Amino acid sequence: MLLSLPFLWSGQLAGIFQIPLSIPLLKAAWWISTDGHVGFTALKAISKLREPAEAIGCAIAWTEKYPRVELSAYAGLLAAGAGLGDIARNMLVACGQFPVDRLGLTEMLEFTIAKQFEPFGAAGDCARRLEARRDLSASVSAMIHTELLWDAMLSGRLDEAGRRAEFMLSVGEAPPAHVALSALARHHGNETAALRHMDQARLAPAELCYYRFLSACGTGADAEAREMLDELGDYNVSLADYASAQVAAIRGEQ
Amino acid sequence: MNFETALVLLPGLVVGLSLHEFAHAWSASLLGDNFARRQGRVSLNPFRHLSILGTLAIFFLPIGWGKPVQVNLYNFRHPKRDYLISSLAGPLANIIVVICCVALAQLTRHDYSYGPQAQPYVATVHFLLMFTASINTILATINLLPIPPLDGSKIWPCLIPGLKPSFGAKGIWIFIIAIMVLMHTGSLRPVLGFAVNSAFHYMPSSDSHLYSWRLEEGQIAYKKGRLDLAERKFSRAIESNPRPHYALHWRAIARMTAGRLPGALEDIDRAIAINGAKPQYVELRSLICDRIESPASQPDLRRPNVE
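Those protein sequences? They're chains L and Y, same order as listed. Quick note: the first sequence uses the working numbering, first residue 34, plus one each step. Quick note: the second sequence uses the working numbering, first residue -14, plus one each step.
Be aware that a few hints might be false.
As the list claims (entries may be wrong) - Over 10 Å on every C-beta distance to chain Y, these chain L residues come out as not near it, computed from the model:
| # | residue |
| --- | --- |
| 1 | 129 |
| 2 | 149 |
| 3 | 169 |
| 4 | 195 |
| 5 | 200 |
| 6 | 218 |
| 7 | 254 |
| 8 | 267 |
| 9 | 281 |
Unchecked claim - One side of the interface only, derived from the structure: several residues of chain L facing chain Y at Cβ under 10 Å:
| # | residue |
| --- | --- |
| 10 | 54 |
| 11 | 133 |
| 12 | 162 |
No lab work stands behind these hints: they were computed from the structure. Source: prediction; values computed, not measured. Think of the CB as a built atom: it goes at the ideal place given N, C-alpha and C, for glycine as much as any other residue.
Please construct the entire structure, taking both the sequences and the accompanying hints into account.
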């Protein structure tokens, strides 16, 4: 472990300057230590420098020789990011065989798979199941709270959505929560609060349109919803399609 | 920092960092966030908390650091309040270490009372307790500075309305480099000096330390020719050590130089009674006796060779 650190640190440093030597250094760090955390750090750096396929291949090769939960989970996340649902699911199964996942990546992979490759309700179900857990990482908690906020919003449980948004803002920066609170304030006729929250919702234009569309659908502001969907289509067609399918699916369930 | 000082500071640093990180993890766990427990951080095992770079840093900087405990605010019932408590727990643990060290030092301060066999060990333990208290004072003080990623940067947003408690990792390296520069250039010395001096005010010196210190002061006074002051310092040194043969030898020299020959003879006789007839003691005794027996035994400011 100690011996691998000079390789890991120099590999990471070389990676910052995009020097090709960083990849062999990071691989050497893993082979010397075979520690899951070192492997995860090395894989993260490799995935930034190379194509996801190469990083996934690397992770699979490493886990075949020395199975580590961090490597399986991260490989699954990379696969999910590349749209490779089957590999991501296989990696999730592999993660389940380890008793302890200290980094909490398994739940992130589980939720990512539910969100990306399962029918629309699956992510909400997964989020509800994970919500009761008190040992999740902050990034997984943020994902599930965001999911449950929009689930409540689109299901018409506006009080619950308001409470969830307020809680998210009490924890930290949460621009989507500001969008939800802005829509709720407008719904209750409080234009000042609506504008104040919208000012604080610092998001990329496409994301802002996406969340404003969901908020408008949730609060029954159909005209604004149509306007936002059109605007979202201008920024990102696939996200617009996803958003309209998401709303249709949740409304279809009710 | 030289290697020997760093080695002496290392046990205190290991204890301080381990308890500091344990306190963060344990308090978070008590408040409902079990992520640190899942990561194995609710443990007193130092290897769970020490970072290699942070531990080795003690050899280059006057401080080190451990692996930060990751806290998930979503798991807290009252995020701001609970994050404040969990952030304060680390520096509080260091303050508790300081209090414990000062309390234990009450047992080791009178090291001569443990007898000549145990005295060196008791003195070493006292010395380590004092260093542990010092480094934990520094750890607590530095961590309360409002600079990310130190605990102080997490505390203030919890107290000031409108600020968000969580801080993103963006730009954290700039702050880390800034802290290192501040440490290395000594810019934090006024703050740290104030904290350490305040803590030292409550830290008891050991009798052996007081003995050496007073003896040294007496020797300096003697070399400057301030014989009365030297005698007073040697007398105070003699009070703090039950076997003060060396201080008695020096007071005998000071008294002889000042012409107080009966007192000098009494001192050197006591030194011989305590530590045996060492050649330098015997030589001084014969010198004093010669002067007593000599009819012109007036105050002689010609000092004997004490080098």
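Do the hints match the structure? See the list:
1. Listed as outside the interface, residue 129 of chain L is consistent with that label: its C-beta sits roughly 16 Å from the nearest C-beta of chain Y, beyond the 10 Å cut-off.
2. Listed as outside the interface, residue 149 of chain L is consistent with that label: its C-beta sits roughly 22 Å from the nearest C-beta of chain Y, beyond the 10 Å cut-off.
3. Look at residue 169 of chain L: its CB is around 6 Å from the nearest CB on chain Y, not clear of 10 Å, so calling it non-interface is violated.
4. No Cβ of chain Y comes within 10 Å of the Cβ of residue 195 of chain L; the nearest lies about 17 Å off, and the non-interface call holds.
5. Remark: the non-interface label on residue 200 of chain L conflicts with the geometry, its nearest Cβ contact in chain Y lying 8 Å away (cut-off 10 Å).
6. Residue-level check passed: residue 218 of chain L sits 18 Å from the nearest beta carbon of chain Y, beyond 10 Å.
7. Residue 254 of chain L, annotated as away from the interface, keeps every beta carbon of chain Y farther than 10 Å; the closest lies near 28 Å.
8. Chain Y leaves residue 267 of chain L outside its interface by the beta-carbon criterion, the shortest separation being 29 Å against a cut-off of 10 Å.
9. Against the 10 Å criterion, residue 281 of chain L stays outside the reach of chain Y, whose nearest CB is about 30 Å from its own CB.
10. The interface hint given for residue 54 of chain L is broken, as the beta carbon of that residue sits about 21 Å from the closest beta carbon of chain Y, more than 10 Å.
11. For residue 133 of chain L, the shortest C-beta to C-beta distance to chain Y is roughly 8 Å, which falls under 10 Å, so the interface hint holds.
12. The criterion of a C-beta within 10 Å of any C-beta in chain Y is not met by residue 162 of chain L, whose closest approach is roughly 15 Å, and the hint is violated.
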